[in-house]
Amino acid sequence: MTIKETPLASNAISIIETKFGNLYFYDNFLITEIFEGIIVGRKEFNKIFNLCLDIYDNDRPFGIVSHRVHPYSVNLFELIPISDKFNSVVANAVIAYTDISVKNFELEKRLLKFKGKFFNNLNSAISWTNKEVEKAK
Numbered sequence: 001m002t003i004k005e006t007p008l009a010s011n012a013i014s015i016i017e018t019k020f021g022n023l024y025f026y027d028n029f030l031i032t033e034i035f036e037g038i039i040v041g042r043k044e045f046n047k048i049f050n051l052c053l054d055i056y057d058n059d060r061p062f063g064i065v066s067h068r069v070h071p072y073s074v075n076l077f078e079l080i081p082i083s084d085k086f087n088s089v090v091a092n093a094v095i096a097y098t099d100i101s102v103k104n105f106e107l108e109k110r111l112l113k114f115k116g117k118f119f120n121n122l123n124s125a126i127s128w129t130n131k132e133v134e135k136a137k
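Using my numbering, the letters of the sequence shown map in sequence onto residues 1 to 137.
Please keep in mind that the hints were generated in silico from the structure rather than gathered at the bench.
Note that this is a predicted model, so its numbers are computed, not measured.
Treat the hints loosely; a few may be bogus.
[Unchecked claim] Straight line, CA to CA, 30 Å or less: simulated DSS-like cross-link-like pairs of lysine-lysine:
#  : residue 1 : residue 2
1  : K4        : K19
2  : K47       : K137
3  : K47       : K109
4  : K131      : K85
5  : K43       : K19
6  : K135      : K109
7  : K43       : K103
8  : K43       : K4
9  : K4        : K117
10 : K135      : K115
11 : K4        : K109
12 : K115      : K137
13 : K117      : K137
14 : K131      : K103
15 : K4        : K85
16 : K109      : K19
17 : K135      : K19
18 : K103      : K4
19 : K43       : K109
20 : K103      : K85
21 : K137      : K4
22 : K43       : K117
23 : K43       : K85
24 : K47       : K115
25 : K103      : K47
26 : K85       : K19
27 : K19       : K47
28 : K131      : K117
29 : K117      : K103
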């Protein structure tokens, strides 16, 4: 089930549909839903980064909730050199529904500089992310 199909969509302060996925912005966090088959690399990462700058103040802490309802890939070789752009990201929650998505996240967590945690449901991921952001304020 995607965010559009839940009451969470109506609580978003902004919903942005891109070529690579849907982005749902809330007060303390962003929920990403990347489309099936997409390879998230520098171009997509920079697009998300620039949208975050538009919505969140540069120094304001926020979290990212990656709702992995579709299989997609992350090009870590392109993201590692630019991941420090996201200084304000204090939490990265991932909801994954397949074993491969969980394993991919474990690798991403080791190589990228975000504080990350895996969840098997959206509500727990959002709750943890909100707590981490509030602690960082």
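Right, here's what the structure says about each hint:
Between K4 and K19, the direct Cα distance comes to roughly 16 Å. Compliance with the 30 Å bound is thereby established for this hinted pair. Taken as a hint, the K47 and K137 pair is honoured in the structure, with Cα atoms around 25 Å apart against an allowance of 30 Å. A C-alpha spacing of about 21 Å is found between K47 and K109, which places the hinted pair at or below 30 Å, so the restraint holds. Taken as a hint, the K131 and K85 pair is honoured in the structure, with Cα atoms around 22 Å apart against an allowance of 30 Å.
Note on K43 and K19: the hinted pairing holds, with a Cα-Cα distance of about 11 Å set against a maximum of 30 Å. At most 30 Å may separate the alpha-carbon atoms for a hinted pair to count; K135 and K109 meet this at roughly 20 Å. Distance restraint check for K43 and K103: the Cα-Cα separation of roughly 24 Å lies within the 30 Å cut-off, and the hinted pair is therefore satisfied. A distance of roughly 24 Å separates the Cα atoms of K43 and K4; the hinted pair therefore holds under the 30 Å criterion.
A hinted pair counts as satisfied when its Cα atoms are at most 30 Å apart, and K4 with K117 qualifies at roughly 23 Å. Of the supplied pair hints, the one linking K135 and K115 holds, its CA atoms being roughly 13 Å apart against a limit of 30 Å. About 27 Å separates the Cα atoms of K4 and K109, which keeps this hinted pair within 30 Å; it holds. Between the alpha carbons of K115 and K137 the distance comes to roughly 15 Å, so the proposed pair stays at or under 30 Å and holds.
With a C-alpha separation of about 19 Å, the suggested pairing of K117 with K137 holds against the 30 Å cut-off. Taken as a hint, the K131 and K103 pair is honoured in the structure, with Cα atoms around 25 Å apart against an allowance of 30 Å. This hinted pair checks out: K4 and K85 have alpha carbons roughly 29 Å apart, not beyond 30 Å. Only pairs whose Cα atoms come within 30 Å are accepted, and K109 paired with K19 is accepted, the gap being roughly 25 Å.
Between K135 and K19, the direct Cα distance comes to roughly 34 Å. Violation of the 30 Å bound is thereby established for this hinted pair. At most 30 Å may separate the alpha-carbon atoms for a hinted pair to count; K103 and K4 meet this at roughly 26 Å. Proposed proximity of K43 and K109 is supported: the alpha carbons are some 20 Å apart, at most 30 Å. A C-alpha spacing of about 24 Å is found between K103 and K85, which places the hinted pair at or below 30 Å, so the restraint holds.
For a cut-off of 30 Å, the pair hint linking K137 to K4 stands: about 29 Å separates their Cα positions. With a CA separation close to 25 Å, the supplied pair K43 and K117 stays within the 30 Å bound. With a CA separation close to 13 Å, the supplied pair K43 and K85 stays within the 30 Å bound. A C-alpha spacing of about 21 Å is found between K47 and K115, which places the hinted pair at or below 30 Å, so the restraint holds.
A threshold of 30 Å between alpha carbons decides the hint, and for K103 with K47 the separation of about 25 Å falls inside it, so the pair holds. Among the hinted pairs, K85 with K19 is consistent with the structure: their alpha-carbon atoms are about 22 Å apart, no more than 30 Å. A distance of roughly 11 Å separates the Cα atoms of K19 and K47; the hinted pair therefore holds under the 30 Å criterion. The hinted pair formed by K131 and K117 meets the criterion: a straight-line CA distance of about 13 Å does not exceed 30 Å.
Under the criterion of a C-alpha separation no larger than 30 Å, the hint pairing K117 with K103 is consistent with the structure, at around 12 Å.
The earlier numbered hint that this structure contradicts is number 17, and it is the only one.
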